[in-house]
Amino acid sequence: MQTGRYTLPALPYAYDALEPYISSTIMTLHHTKHHQAYVTNLNAALSQEATDVTSQIALQAQIRFNGGGHINHSLFWKNLAPAGTGEARVEAAPRLVQAIEERFGDLGKFKERFGKTLLGLQGSGWGWLVKDAEGRLEIETTKDQDPVASGKQVILGVDMWEHAYYIQYYNNKAAYVEGIWNIINWEECEKRFLGQSALSL
Amino acid sequence: MSFARLALRPAAFASRGFATSAVAAKHVLPDLPYDYAALEPAISGKIMELHHAKHHQTYVNSLNEAEEKYATAVNSKDVKAQIALHPALRFHGGGHINHSLFWENLAPKSASGGAPPTGALAESINQTWGSYEEFKKVVNASLAGIQGSGWSWLVKDKETKQLQIVTMPNQDPIVGKYAPLLGIDAWEHAYYLQYQNRKAEYFSAIWDVINWKAAEQRFKA
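Sequence order for the protein chains is S and E. Sequential numbering from 1 applies to the first sequence in this note's numbering. Sequential numbering from 1 applies to the second sequence in this note's numbering.
What the hints contain is simulated information worked out from the structure, not anything from laboratory work. Glycine included, each C-beta is placed from N, C-alpha and C at the ideal position. Errors might be hidden in some of the hints.
Claimed, not checked - Stretches of chain E that chain S covers, calculated by requiring three or more beta carbons in the stretch to come under 8 Å of a beta carbon on chain S:
hint, region
1, 51-59
2, 139-153
3, 163-174
4, 185-191
What the hints assert, rightly or not - Below, simulated DSS-like cross-link-like pairs (lysine-lysine); rule was C-alpha separation at most 30 Å, straight line:
hint, chain 1, residue 1, chain 2, residue 2
5, E, K69, S, K111
6, E, K54, S, K116
7, E, K136, E, K109
8, E, K77, E, K26
9, E, K54, E, K109
10, E, K26, S, K173
11, E, K80, S, K109
12, E, K26, E, K54
13, S, K33, E, K54
14, S, K173, E, K54
15, E, K158, E, K137
16, E, K80, S, K143
17, E, K177, E, K220
18, S, K109, E, K54
19, S, K173, S, K191
20, S, K191, S, K116
21, E, K220, E, K161
22, E, K137, E, K213
23, E, K46, S, K173
24, E, K137, S, K33
25, E, K77, S, K116
26, E, K177, S, K143
27, E, K54, E, K213
28, S, K173, S, K143
29, E, K136, S, K143
30, E, K46, E, K199
31, E, K137, S, K143
32, E, K69, S, K109
33, E, K158, E, K26
Produce the entire structure from the sequences given, and follow the hints as far as they go.
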């Protein structure tokens, strides 16, 4: 079997560790099937030889989608943590929370605004808290598996594809969004905010 | 079966006890022309129920809200507000249109669901793709290639009458140049409870409940 350049990263916790907010079934499918498919298809796209510009452009769409899927999910797993752990306490992110308060008023207002952005996505996509080139915090969305533009530091990402919640929440995506605040890895978010966490792919 | 049952019925709306609007009647969720479980085993009753009673209903409600805001913006000649509402109209209006067409172009096996196309439409499919089998392969490849949420459609070019397969992102509807004949929903909510990540199995199974009679009617129109 040919080994590709990219591999599926191990989850930093057990599949059932995020319950009851994200079920073990969802985590297992999401990681071993969906994320694995992005990795497999990314490696397949990268191993293709595109010798003319037409096929190169066609390949770019595959690399963008599957590469984006690999990047986004790798970020997502790391910015989640089991509820009740030290990492999942907002106190683990003092500098980030200060910046959030300065930018959005208070943490509650930020959560409200972030949640509204997530629920406003039309179709598949992601919601992000990012730090832009000027060091300013911004909430943004990307469609499908588009990754956040280079030059912006991802602090926190939330997957709003239906496969991220449907088996447990069905159409009630608001409940998924509400629950996810219990399993945010604030320690990781703080590291990203301070530039101390580089994503290795 | 009656296709009129699925037409958007402003008349039914007043009888359901909604407040009437001076501008226009509101959109209502069309009844399904079959039971939720009627498309099993291709599509589970649970999926059909959520898809119709929750997802489609939400598109209808949000479309009505957007139209109300739009009417206000038109009345006050606020063109910026009108333009700002376009994405909501497109998404929720598209969702209402697409699902209304989708329910109609599905049918239980007992109502000829899955029976291959006949007549002029069958001929046109054969001319374009060689055979029905080949056509299904091309549609399934288009469905599998959707990156994110969206739909695949068999459409007729209104001018040339040629058939074509097109995919649309999210809830973008088929309007303008093409007439929609047959739509297949490739959003995850359309199959995930039953097929999870194995979407190719859903794409393969759905042909057992395709209502070609509906597509033939649309082709003639």
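For each hint, the structure was consulted:
Against chain S, the region 51-59 of chain E contributes 3 residues with a C-beta closer than 8 Å to a partner C-beta. That satisfies the three-residue criterion, and the hint holds. With 4 residues having a beta carbon nearer than 8 Å to a beta carbon of chain S, the region 139-153 of chain E meets the requirement of three or more and the stated coverage holds. Counting residues of the region 163-174 of chain E whose beta-carbon sits less than 8 Å from any beta-carbon of chain S gives 3, enough to reach three: the coverage restraint holds. Coverage of the region 185-191 of chain E by chain S holds [criterion: at least 3 residues with CB-CB distance below 8 Å; count 3].
Our distance criterion of 30 Å between C-alpha atoms is met by E/K69 and S/K111, whose separation comes to about 27 Å. Using a Cα cut-off of 30 Å, the hinted pair E/K54 and S/K116 holds, with the two alpha carbons roughly 20 Å apart. Between E/K136 and E/K109 the alpha-carbon distance is near 18 Å, which keeps this suggested pair within the 30 Å criterion. Taking the CA atoms of E/K77 and E/K26, the gap is about 22 Å. The hint holds against a cut of 30 Å.
Under the criterion of a C-alpha separation no larger than 30 Å, the hint pairing E/K54 with E/K109 is consistent with the structure, at around 25 Å. A distance of roughly 26 Å separates the Cα atoms of E/K26 and S/K173; the hinted pair therefore holds under the 30 Å criterion. Between the alpha carbons of E/K80 and S/K109 the distance comes to roughly 27 Å, so the proposed pair stays at or under 30 Å and holds. A threshold of 30 Å between alpha carbons decides the hint, and for E/K26 with E/K54 the separation of about 18 Å falls inside it, so the pair holds.
Straight-line distance between C-alpha atoms of S/K33 and E/K54 comes to about 27 Å, which keeps the hinted pair within the 30 Å bound. Restraint check for S/K173 and E/K54: satisfied, since their Cα atoms lie roughly 12 Å apart, inside the 30 Å limit. A threshold of 30 Å between alpha carbons decides the hint, and for E/K158 with E/K137 the separation of about 24 Å falls inside it, so the pair holds. Distance check on the hinted pair: E/K80 and S/K143 sit about 24 Å apart at the alpha-carbon level, within 30 Å; holds.
For the suggested pair E/K177 and E/K220, the alpha carbons sit about 16 Å apart, so the restraint of at most 30 Å is met. Distance hint between S/K109 and E/K54 is fulfilled; the C-alpha atoms sit about 29 Å from each other, no more than 30 Å. With a C-alpha separation of about 28 Å, the suggested pairing of S/K173 with S/K191 holds against the 30 Å cut-off. A C-alpha spacing of about 25 Å is found between S/K191 and S/K116, which places the hinted pair at or below 30 Å, so the restraint holds.
As the CA atoms of E/K220 and E/K161 are separated by approximately 10 Å, the hinted pair is consistent with the 30 Å bound. Pair hint E/K137 plus E/K213 holds up; C-alpha atoms about 20 Å apart against a cutoff of 30 Å. Among the hinted pairs, E/K46 with S/K173 is consistent with the structure: their alpha-carbon atoms are about 17 Å apart, no more than 30 Å. At most 30 Å may separate the alpha-carbon atoms for a hinted pair to count; E/K137 and S/K33 meet this at roughly 24 Å.
Proximity of E/K77 to S/K116 is assessed by CA-CA distance (about 28 Å); at most 30 Å being required, the pair is judged to hold. Proximity of E/K177 to S/K143 is assessed by CA-CA distance (about 26 Å); at most 30 Å being required, the pair is judged to hold. Between E/K54 and E/K213 the alpha-carbon distance is near 27 Å, which keeps this suggested pair within the 30 Å criterion. As the CA atoms of S/K173 and S/K143 are separated by approximately 17 Å, the hinted pair is consistent with the 30 Å bound.
With a C-alpha separation of about 28 Å, the suggested pair E/K136 and S/K143 falls inside the 30 Å cut-off, and the hint holds. Straight-line distance between C-alpha atoms of E/K46 and E/K199 comes to about 17 Å, which keeps the hinted pair within the 30 Å bound. About 27 Å separates the Cα atoms of E/K137 and S/K143, which keeps this hinted pair within 30 Å; it holds. The straight-line distance between the Cα atoms of E/K69 and S/K109 is roughly 26 Å, inside the 30 Å bound, and the hint therefore holds.
A hinted pair counts as satisfied when its Cα atoms are at most 30 Å apart, and E/K158 with E/K26 qualifies at roughly 29 Å.
In summary, this structure violates none of the numbered hints.
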